[in-house]
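We have chain A already, so just place chain E with the ligand on it with the hints.
Which chain is which? The protein sequence lines are A and E, in order.
Per UniProt numbering, residue 1 is the first one in the first sequence, and the count goes up by one each step.
Per UniProt numbering, residue 1 is the first one in the second sequence, and the count goes up by one each step.
Hints listed in this document are in silico derivations from the structure and should not be mistaken for laboratory results.
You may find that some hints are simply not true.
As the list claims (entries may be wrong) - With a Cα cut of at most 30 Å, we get these calculated DSS-like pairs of lysine-lysine:
1) Lys296(A) <-> Lys281(A)
2) Lys230(E) <-> Lys140(E)
3) Lys140(E) <-> Lys22(A)
4) Lys232(E) <-> Lys45(A)
5) Lys26(A) <-> Lys230(E)
6) Lys52(E) <-> Lys26(A)
7) Lys193(A) <-> Lys216(A)
8) Lys26(A) <-> Lys232(E)
9) Lys22(A) <-> Lys169(E)
10) Lys193(A) <-> Lys234(A)
11) Lys181(E) <-> Lys192(E)
12) Lys140(E) <-> Lys26(A)
13) Lys22(A) <-> Lys175(A)
14) Lys59(E) <-> Lys26(A)
15) Lys59(E) <-> Lys6(E)
16) Lys140(E) <-> Lys156(A)
17) Lys26(A) <-> Lys227(E)
18) Lys5(A) <-> Lys289(A)
19) Lys252(E) <-> Lys190(E)
20) Lys26(A) <-> Lys56(E)
21) Lys181(E) <-> Lys202(E)
22) Lys59(E) <-> Lys156(A)
23) Lys234(A) <-> Lys156(A)
What the hints assert, rightly or not - Covered by chain A, per the in silico footprint, the following chain E stretches (three or more residues, Cβ under 8 Å):
24) 98-112
25) 163-174
We treat Cβ as the ideally placed atom computed from N, Cα and C, and that holds for glycine.
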Amino acid sequence: MSEVKTEATRDAYGKTLVELGKENPKIVVLDADLAASTKTADFRKAFPERFFDMGVAEQDMIGTAAGLAASGKIVFASTFAVFGSGRAWDQIRISAAYTRLNVKIVVTHGGITTGEDGASHQANEDIAIMRAIPNLTVIVPADAYETAKVIRAAAKFNGPMYIRLSRIKSPLVYKDESFAYQIGKGITLRQGKDVTIIACGIMVAKALEAAEELSKQKINCRVVDLHTIKPLDKELIVRCAKETGAIVTVEEHSILGGLGGAVAEVIVENCPVPMARVGIKDMFGESGKPEELLVKYGLTAKDIAAAVGSVLKRKK
Amino acid sequence: MPSKEKVLELKNIAQKLRQHIIEMICQAASGHPGGSLSAADIVAVLYFHQLKHNPKDPKWVDRDRFVMSKGHAAPVLYAALAESGYFPLKYLTTLRQIGSSLQGHIDMLSLPGIEMSTGSLGQGLSAANGMALAGRLDNKDYQVYCLLGDGECQEGQVWEAAMTSAHYKLDKITAIIDHNKYQIDGSVEKIKNLKPFGDKWKSFGWNVISCDGHDVKAVCEALEEGKNYKGKPSVIIADTIKGKGVVFMEEKPLDYHGKAPTETEKEVALKALCQIILDKDENK
Ligand SMILES: Cc1ncc(C[n+]2csc(CCOP(=O)(O)OP(=O)(O)O)c2C)c(N)n1
Numbered sequence: 001m002s003e004v005k006t007e008a009t010r011d012a013y014g015k016t017l018v019e020l021g022k023e024n025p026k027i028v029v030l031d032a033d034l035a036a037s038t039k040t041a042d043f044r045k046a047f048p049e050r051f052f053d054m055g056v057a058e059q060d061m062i063g064t065a066a067g068l069a070a071s072g073k074i075v076f077a078s079t080f081a082v083f084g085s086g087r088a089w090d091q092i093r094i095s096a097a098y099t100r101l102n103v104k105i106v107v108t109h110g111g112i113t114t115g116e117d118g119a120s121h122q123a124n125e126d127i128a129i130m131r132a133i134p135n136l137t138v139i140v141p142a143d144a145y146e147t148a149k150v151i152r153a154a155a156k157f158n159g160p161m162y163i164r165l166s167r168i169k170s171p172l173v174y175k176d177e178s179f180a181y182q183i184g185k186g187i188t189l190r191q192g193k194d195v196t197i198i199a200c201g202i203m204v205a206k207a208l209e210a211a212e213e214l215s216k217q218k219i220n221c222r223v224v225d226l227h228t229i230k231p232l233d234k235e236l237i238v239r240c241a242k243e244t245g246a247i248v249t250v251e252e253h254s255i256l257g258g259l260g261g262a263v264a265e266v267i268v269e270n271c272p273v274p275m276a277r278v279g280i281k282d283m284f285g286e287s288g289k290p291e292e293l294l295v296k297y298g299l300t301a302k303d304i305a306a307a308v309g310s311v312l313k314r315k316k
Numbered sequence: 001m002p003s004k005e006k007v008l009e010l011k012n013i014a015q016k017l018r019q020h021i022i023e024m025i026c027q028a029a030s031g032h033p034g035g036s037l038s039a040a041d042i043v044a045v046l047y048f049h050q051l052k053h054n055p056k057d058p059k060w061v062d063r064d065r066f067v068m069s070k071g072h073a074a075p076v077l078y079a080a081l082a083e084s085g086y087f088p089l090k091y092l093t094t095l096r097q098i099g100s101s102l103q104g105h106i107d108m109l110s111l112p113g114i115e116m117s118t119g120s121l122g123q124g125l126s127a128a129n130g131m132a133l134a135g136r137l138d139n140k141d142y143q144v145y146c147l148l149g150d151g152e153c154q155e156g157q158v159w160e161a162a163m164t165s166a167h168y169k170l171d172k173i174t175a176i177i178d179h180n181k182y183q184i185d186g187s188v189e190k191i192k193n194l195k196p197f198g199d200k201w202k203s204f205g206w207n208v209i210s211c212d213g214h215d216v217k218a219v220c221e222a223l224e225e226g227k228n229y230k231g232k233p234s235v236i237i238a239d240t241i242k243g244k245g246v247v248f249m250e251e252k253p254l255d256y257h258g259k260a261p262t263e264t265e266k267e268v269a270l271k272a273l274c275q276i277i278l279d280k281d282e283n284k
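So here's chain A without its partners, still in its complex pose (with noise of 0.2 Å):
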């Protein structure tokens, strides 16, 4: 097997900002004493004029961004996936997604592959949370080249947005930085007939390679990668679950209320056809090395081709 390139998604994030502040002067960057972990530390290197550390303050970030954004700012804010949603939610409510401002909540540390810090510091629940709050659009992007893209869309892009990366260096989807992409339109990977595997986040390229896997067996999985979690690709599901008749959705989050839930709320009011959602099921992870925890809480490409087994035994 050839070598698989990896590459954080806040190292592209970090790259990206310090690009994008060099072309509009409008960019802003704030972060709650975690610059170095999220990457925004380059931006402050580059520009730290127009970089703020709001110290361990995630509420006090983001309404302090709400009033930047009010003033003609495009604000990019940054912390930890737990801190960025959960702590701040409220302020995210009504002074970033009700008053439809400028704010950019780009988080990292998303999900069980957090790690070592534990349950504390591991946003299994993000995604259920955010996409809750009307006006916001909430992305996961696959890979580096993706979150490129991404961070580019978003410093265009209108409104306030929840964007959530990973820590780890995860595998490159994507060749390049070359294909379109469109903020709310899914991306078919690998097209296939007999199943579609819906994903997001780092846990796209494990679809892939659980549909690569499957199809020594002669399954043919078709594969999206749903980066945008809100406003859902709605056409786009409900056209896989005519024509493949089978949905397992993938994600590194909660069964409740993430990617799974969505898409599962398309289904069953427009095409019911059996489905599977593969994530973590509804409890706090732990300690432990990424690769480890992906194993022990069903993360594998090994569990969602049990579960594509599974949809597919209730598909006849």
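Relative to chain A, chain E with the ligand alone:
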């Protein structure tokens, strides 16, 4: 400093705002009279004396900003905006009705002249800081005013924001506390004491100013002092009375935090508020 005539005018405007507050809340049959009335003099001074603003151009880039952090006192802000000419007075009576632009708590997208949506207490000062930081980045000279409740200061975010203003030396920030000493469940002192209140702000790195929040001349002076103070943000702790101007509310502030007066009570309240204040009444 304001002339004698200006002071008299501001007093009468404050009374006018109070009339609107009572009429609006009665029409809506719900709302927050106590904390709207206590802030009436402060808001009158801001909109009719202190703020650099243009109701014909609400988004004017050089305007001063006013963030009403205690979003439940929306009626006093709506009354001031309408009296300033941001929108016709006739809309005031649509407060809290379905389809109205006058939402129960402040919504910046539904009316011109509103800088920030509020209603969840504790959030306004952070937004004000953001506006002040943007002003500094853009080399603007505008001042950012933020009105908070005293009960609201029990929110942790207020103190996060207070640290931010001081850390970044945002002397373009003037926070004003409507210090009416009551919240919903009781007196602020009894529910969760803020004393020593001024010392708290001082220790957070603020320039602290105190004034009688119903003496419009004193409010003018305090705002001017805050604006001119350099190197630190200023906070004005404005001593106020919850329900000010309506005797039966002043006597029972806890009964009128979030309750509309009855029809009969309205008549009594308006009778007192419709008295024009003359020169000879200067000393109250
Ligand atoms: C975060 C939040 N918690 C609770 C409330 C409900 N609430 C509305 S007004 C109020 C009391 C506020 O007291 P104070 O700030 O002193 O206001 P004032 O007396 O000036 O009206 C409360 C608890 C709210 N609006 N926001």
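Item to check | Given pair status - Lys190(E), Lys252(E), alpha carbons within 30 Å | outcome: Within the cut-off at roughly 16 Å; holds.
Item to check | Proposed proximity, Lys227(E) with Lys26(A) (alpha carbon, max 30 Å) | outcome: 27 Å, holds
Item to check | Restraint check for Lys140(E) with Lys156(A), where alpha carbons must lie at most 30 Å apart | outcome: 25 Å, holds
Checklist entry - Given as covered by chain A, does the region 98-112 of chain E meet the bar of three residues or more with CB within less than 8 Å? => result holds (count 3)
Checklist entry - CA of Lys181(E) to CA of Lys192(E), is that 30 Å or under? => result 11 Å, holds
Item to check | 30 Å limit on alpha-carbon distance, applied to hinted pair Lys232(E) and Lys45(A) | outcome: 27 Å, holds
Checklist entry - Would the pair Lys26(A) and Lys232(E) pass a check requiring their Cα atoms to be no farther apart than 30 Å? => result 26 Å, holds
Checklist entry - CA of Lys22(A) to CA of Lys175(A), is that 30 Å or under? => result Holds, at about 25 Å.
Checklist entry - Is it true that the CA of Lys193(A) sits at most 30 Å from the CA of Lys216(A)? => result Since the Cα atoms of Lys193(A) and Lys216(A) sit roughly 15 Å apart, the hinted pair holds (cutoff 30 Å).
Item to check | Agreement of Lys296(A) and Lys281(A) with the hint, judged by alpha carbon distance not exceeding 30 Å | outcome: Between Lys296(A) and Lys281(A) the Cα gap is close to 11 Å, so the pair holds against 30 Å.
Checklist entry - Within a Cα-Cα threshold of 30 Å, do Lys193(A) and Lys234(A) meet the stated pairing? => result 19 Å, holds
Next on the checklist: Between the alpha carbons of Lys26(A) and Lys230(E), is the straight-line distance 30 Å or under?
Outcome noted: 27 Å, holds
Of the numbered hints listed earlier, not one is contradicted by the structure.
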